[in-house]
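Asks: In short: position in the sequence shown from 1, add 6, done, that's our numbering.
Keep in mind the hints are simulated off the structure, nothing from the lab.
Some hints could be false.
[To be verified] Keeping only pairs whose Cα atoms sit at most 16 Å apart, straight-line, the calculated EDC-like set for lysine to aspartate or glutamate is:
hint	residue 1	residue 2
1	K237	D163
2	K254	D147
3	K171	E118
4	K301	E262
5	K301	E242
6	K99	D80
7	K344	E87
8	K254	E317
9	K348	E271
10	K99	D78
11	K171	E199
12	K84	E242
13	K348	E320
14	K99	D79
15	K254	E320
16	K344	E331
17	K254	E321
18	K100	E262
19	K348	E331
20	K84	E62
21	K301	E328
22	K237	E262
23	K100	D80
24	K254	E328
25	K171	E128
26	K84	E271
27	K348	E262
28	K99	E262
29	K100	D147
30	K237	E308
31	K84	E67
32	K161	D226
33	K99	E67
34	K254	E271
35	K344	E271
36	K263	D79
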Amino acid sequence: MTDREILAAALPRIADWDAAVRRDLPWRRSPTPYHVWISEIMLQQTRIEAVIPYYERFLAELPDVAALASVDDDRLMKLWEGLGYYSRARNLKKAAQQIIERFGGALPATAEELRSLSGIGEYTAGAIASLAFHKPEPAVDGNVLRVLSRLLASKDDVMSSAVRKSVTADLRSIYPSGEQAALVTEGLMELGETVCIPNGEPLCVACPAAALCRARAAGDPTQYPVRSAPKARRIEERTVLLLHCGEKYAIRRREEKGLLAGLWEFPSCEGTLTREEIDVQFPDALSLEPCGSAKHIFTHVEWHMTGWRVELPEEAPGYVWETAETIRTAYSVPTALKYYLKQL
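Using the sequences and the hints given, assemble the complete structure.
Replies: Take a look at the structure:
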């Protein structure tokens, strides 16, 4: 069988399988365009189990496009706190405003129009179009690429954007429409998450397309997918300062561009400062104590942090000074700094 014939035979089986075994997830109970959009953005780089409480809290406070478009930035970041990749939240609000301005407050139904919105790329546009609008649009992410690579025993590098585009185009040419489109999209995702898993042996006995799978027939599906080696993460040494005066601590907002843009942080700087260097910065400090080291891994960079608690006789200018409880409840402090948040 050709690749196209295998795909054409596999998709209906995957749709039937999904209809029979689909998990009860909040966004599947009411797959409106808004609900699908919010869930798909949250699920990027994040486990389903972690997303569910965030999704439910988010919708309880921001139930529709209008509410999202008008939410205060700090409140939006607080709702998103802990999910990481905060640019996703900023793009959600920006896209909501675009939806109101250009589409009358309703998400557009075509993948092309969806891709014109901030934060919505090829995958998310395909997911919304097929899951919410039943359009014949595939949604190809890492899970789907793994399933298809094994099904076809493809040696193509799944890290290549050209390969992803080619797979998407091949799927689109045979994709069903109507409810079947939603079942195929959901089924491919589900296969990658629960059966054709990334770590360990895939559960081929539970796969609806096992009889068609070339990798299974060859005896070693774990050879697929083929990936080029990722680039090594850059390591950055940083010093974090817990400046406090009485019961209040100093925080500041990060710049609006770059890593963790717009979030609140404790004063910090690049490099590992010595006690003597901190003494020079704060000559009037009443006390200076180390408060531990921490590490946080981002996609392309790794922070190695050293912390110091600095007691000052008065509140230094240039910062916002708040109590520990207020910082925890009202300000969005990134997960990267949660170790130091616990030290307050």
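Asks: To test your reading of the hints: which numbers does this structure violate?
Replies: 2, 4, 11, 12, 13, 21, 22, 27, 29
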